[in-house]
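All chains should be modelled from the sequences, with the hints used to inform the complete structure.
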Amino acid sequence: MGYSSKSPWLIHYDGSSCNGCDIEVLDALTPLYDIERFGIINTGNPKHADIFLVTGSVNHQNIGVVQHIYEQMLEPKVVVACGVCACTGGVFRDCYNVLGGVDKAIPVDVYAPGCAIRPESIIDAVLEGVKVLDAKADRMRRGLPAVDPETAPAVSGSEAGASAAVNLAAKEATN
Amino acid sequence: MAIIGMLIAVPLVAAALLLVARDDSQRDPIAIVAAIIIAMLAALTAVTYLNAPAFFEVPVSVAELGTYAAAIIDVLLGFIILSYAIRYRNAWALGLGAVQLATAIWCGVLAFESTEHGATPLYIDNLSVIMVLIVGVVGSLICVYALGYMKDFQAHQGEGAPDRRHQFMALMFLFLSAMFIIVLSDNMDWMLAGWEITTVCSFLMIGYAQNEESKKSALLQINLNMIGGIAFHVAIILMHGAGVPLSLSALPAFAAIVGTERLVLPLMLLAVAGLVKAAQMPFHSWLLGAMVAPTPTSALLHSSTMVKAGVFLLVKLAPLFLMVPVASLMVVFIGGVTFLLCSFMAISQSNAKRVLAYSTIANLGLISACAGVGTPPAVWAAVFLIIFHTVSKSLLFLCVGTVEHRIGSRNIEDMDGLFSRLPRLTRFMMLGIMGMFVAPFGMLISKWATLVSFAETGNAPFLVMLAFGSAATFFFWAKWLGKLAGVPQRAENEEGGVHRTEWAAIGSVAVLLLLSCVALPLLSQGVVGPYLAGVYAEAPSLIDIDNLVIMVVIVVFIAIVLLTPWGRATKKKRVEVYLGGQCTDPDTRRYHGSMGRTMTSSKRNWYMEDIFGEPLITRIGVIISSAVLFVAFAVSLMLSPALLSVPMLFSERNVLLVGPGLPGILIGIVCFAIAAPIIGCLLDGLDRKLSARMQGRVGPRLLQPYYDVRKLLQKEQASVNAVDEAYITCALISCTVAGGMFVSGSNLLMCVFLVTLATLFVVIAAYSARSPFADTGADRECLQVMSYEPMLLIMTMGFFAATQSFDVVQLTRLPAPIVTVLPPIFAGLLFILTIKLRKSPFDLSYSHHAHQELVKGITTEMSGRTLAKVEIMHWCESVLFLMWVGMFFIWDSPLSGVVALVVVAAVWFFEIWIDNNFARVKWQTCLKLAWLVALVAGLVNLSYVLLTPFI
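Sequence lines, in order, name chains W and G.
Position 83 of the first sequence, counted from 1, bears residue number 83 in this note's numbering, the numbering being contiguous throughout.
Count along the second sequence starting at 1, add 175, and that's the number in this note's numbering.
Derived from the structure by calculation, the hints contain no laboratory data.
It should be emphasised that the depicted structure is a prediction, and the values quoted were computed from it without experimental measurement.
Note that CB positions come from ideal geometry on N, CA and C, so glycine has one too.
A portion of the hints provided could be inaccurate.
From the derived model, a few chain G residues whose C-beta atoms are all more than 12 Å from chain W [stated by the list, open to error]:
1. Val222
2. Gly270
3. His341
4. Ala428
5. Gly434
6. His580
7. Pro598
8. Phe808
9. Ala867
10. Pro880
11. Gly1039
12. Trp1106
13. Leu1107
Stretch by stretch, here's where chain W covers chain G in the computed footprint (C-beta under 8 Å, at least three residues) [what the hints assert, rightly or not]:
14. 750–757
15. 830–837
16. 1031–1037
Below, the structure is given as structure tokens:
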């Protein structure tokens, strides 16, 4: 087990969320859920962060921001789409200004649905994400590019990308 | 003797030739050859007369002739001043000029009447050798620099402006000659002539541009300096009247035999003359005005010559100050107040030359105060301050002058991005700035000796002033340094047009700065030590030679980091600065604002005008220092001379040098480098665990900090520029060396200085990113340093007062722990520990509380390995700071280790408790509280420990 998975630092970005999921993200930071147990820290700085937690859908206004923050993060890095809007656009997906889920902008590694997402799901999603982190770190150690071209999630929500990424919805269904 | 004559004559000849040579093709070779000859003569003088003080005997007729000439020159200068006063229609100048002329004539008459002309009007000792070197080498380099500078200056004046550069160059060389007369004359009539020549020369040089502003400044200069001149004349008249020999070096011996009763008033007047020349409050404004002059004038006047003449006289008089307390207190008080207040005022200045001016005045204040104390360590400090101030400050003046011509501004705000635009100049400037205030460079070593000397005379208020002034010094230099350190991504190199003469001068002065730092142990043992042995029959040994060696190594290291491409991570992936995810152009810091606008983030330096505003502080300073002058003179006129010449009370404090040698220190560094990260990491983990428990959480694993760092080391390597990681590495190294010195039982003061150096490197690394978030963090870090620095210095002073040593190992030989005599200082340390450990409520620059600091302040632009190094540095620092706490409970007992550990554990727990129970405060509160605590704890505690020996 690598060190990346033991110290995942987060940056949280609110796309066009209704703030329901954001409240839940903050909830996960409270003593009740205490995500620092897993070494998780909310850094708020893309250069320090390993996990990009996006809530809400991507629209014309924020797509550049989402991409910019993603670019500023350093490998190994993982994107977690928090809540159904971030996964697919949710109930807003037909709005004139909404482009869809986060995968319209950047490759998403973990989809965590819910409206609003529950703190347990967030924790679960991050812990799924750290596995990807470790895998990427392992590749980097071996001198390979961090992103595996075969299993990497694709942008623009192509079917292949979505299925390759961990889909928490399926996992939830089995629980 | 012939060399001395040449030394005075060559600049005179050069001046005459330059007055005739009106063409560049003639002027350049004359000036360069003359400068080389002068520098070589100065070197030759140094080689010949080093450690061989000598009076130069001349035939009586020559001595007589010289004295007559001096008197005639003096009177002539009086007439020149009067004529200018009339031409400029200035009433003050007219009045003072008339008085000056009258006193000059009186002096002249006395000189002609006197039969005692002394067969030895010239004298040289090690102090004079140092001054000759300063004037001869640095002064002539400035003259060479002036050649190129004045070409640009003339070009900036526009077509058709009268070309009076020949006068300017002639004046500069005349100035050098006059300086040589001052520093080599033993006969005070001769010295006075040189003294007045420098006054008039600088008057003409300041007024060179002949516009309203320069005329005003020139008149201010001459008016204030005439006060000093009149004081000098009156002193000489009084000495004639009292039958005191007019031999500067014979005065201490005369005083020792005959007593000081007849010397009190002349000494006071000479001190005033020195203070005016050295631009001390309330006379300091002439030096500020002189900044309108072309930069070579400022460089010559303010770094190597004019003001140094003032402090030279004061240092010469130092042995007398020991015997005449009223004069001593006057000089010390004025020097101390000037140092403190001018350091404060430098914070509020954005004009680079005014910052330099205030820092010059402040440093001269320190030198004057040291001279005023008059003990051997004080004079040691004064001489070293003179040397290091000269080289650092002239380097800075020359760089600022050239930069001004390149960028068309002398405003610090406009120096943004110079690191790439003028790479070489900027690096020299950074070196100069570091030379002014950073640990291993000479200036701080001199402050060390200052500290000892103030402690000897029980001067608690001045120690406190020194502590606060030094803290302010850090702040204004660090923020300027930060501005220079910013690395823009895209910038054109604009260094092409710098004249070769300018490069030659700047490069040589930079080399001199490094050389004088490297040669510091030699200078101390071989030059200043023998001088003090000659004057006081004892040479203080303040610093272990091993410590000096370490300092030299660090200076060399810093020079390598600054001036060579070492540590430049050119292969690292280059990333943009963080601008909230809205960046459009990172180099100009442009980002998408709301409503589709493009915004630019700009950052000014931090001037704190509401706290350190110039008008208010100037007023306070002038009132205080004038009051001191008046009171001192009133006292010396009213009280009987017998009462006034009761010698100064002072308890000699020989610094015990008990620290380990170089091998010991090296072992300490290795031990610290291995143990501190491990202990610090565990402490950090425990801290997070404890904090979590206090908040009702489980918290992370104990080794979480270790995992974090390991993860950071695995991250992709990227950086906003090629230099920030090198700076952070330097910070880590300085911190480790500081810790190593402490655990090996070596010097505490140096440990504190090195920790400050480490912080400075972190600050520069943050500034180098030119990111709005990192800049703000760095600014706040500087503020934090300014807040806690006084308390740290007071802690070391208390340590010294309690143990007679700066070496930590001395603690194990004490019968009782030092906390028994230093409880207020211990409390003060606990207070600032919260700032140093970056605990809430004082975690201004960087916080681990997500709700207080979102983008991570000073570390915003650092990532991966760089950030890991910052973390490791924090671990080491925490361990070191906790050891400082434990140090208060160590004494000559095996039990003490256990006691110290228990106290450290309790303090550490207390800090975590504070961290979790207080919200971050505003910076004003941080500064106010920290300074209040330092002031009260410092004054109370230092007064107590320093006055005990007298009671």
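Structure-based check of all given hints:
1. Remark: the non-interface label on G/Val222 is consistent with the geometry, its nearest Cβ contact in chain W lying 57 Å away (cut-off 12 Å).
2. Interface exclusion of G/Gly270 from chain W stands, the closest Cβ pair being 66 Å apart, more than 12 Å.
3. Annotated as non-interface, G/His341 keeps its C-beta farther than 12 Å from every C-beta of chain W; the closest such distance is 58 Å.
4. With a cut of 12 Å on Cβ distances, G/Ala428 stays outside the contact zone with chain W, its closest approach being about 68 Å.
5. Every Cβ of chain W is farther than 12 Å from the Cβ of G/Gly434; the closest lies at roughly 72 Å, confirming the non-interface assignment.
6. Once the 12 Å rule is applied to beta carbons, G/His580 is consistent with being away from chain W; the minimum gap is 38 Å.
7. At the 12 Å boundary, the C-beta of G/Pro598 stays outside the reach of chain W, the nearest C-beta of that chain being 26 Å off.
8. Here G/Phe808 stays apart from chain W, with its beta-carbon at least about 62 Å from theirs, past the 12 Å limit.
9. Listed as outside the interface, G/Ala867 is inconsistent with that label: its C-beta sits roughly 6 Å from the nearest C-beta of chain W, within the 12 Å cut-off.
10. Not every Cβ of chain W is farther than 12 Å from the Cβ of G/Pro880; the closest lies at roughly 9 Å, contradicting the non-interface assignment.
11. For G/Gly1039, the non-interface assignment is contradicted: its Cβ lies about 6 Å from the closest Cβ of chain W, within the 12 Å cut-off.
12. Chain W leaves G/Trp1106 outside its interface by the beta-carbon criterion, the shortest separation being 32 Å against a cut-off of 12 Å.
13. Every CB of chain W is more than 12 Å from the CB of G/Leu1107 (nearest about 33 Å), matching its label as outside the interface.
14. Counting residues of the stretch 750–757 of chain G whose CB lies closer than 8 Å to any CB of chain W gives 5, which reaches the minimum of 3, so the coverage claim holds.
15. Coverage of the stretch 830–837 of chain G by chain W is violated. Counting CB-CB distances below 8 Å, 0 residues qualify, and the rule asks for three or more.
16. Counting residues of the stretch 1031–1037 of chain G whose CB lies closer than 8 Å to any CB of chain W gives 5, so the stated coverage by that chain holds, three being the minimum.
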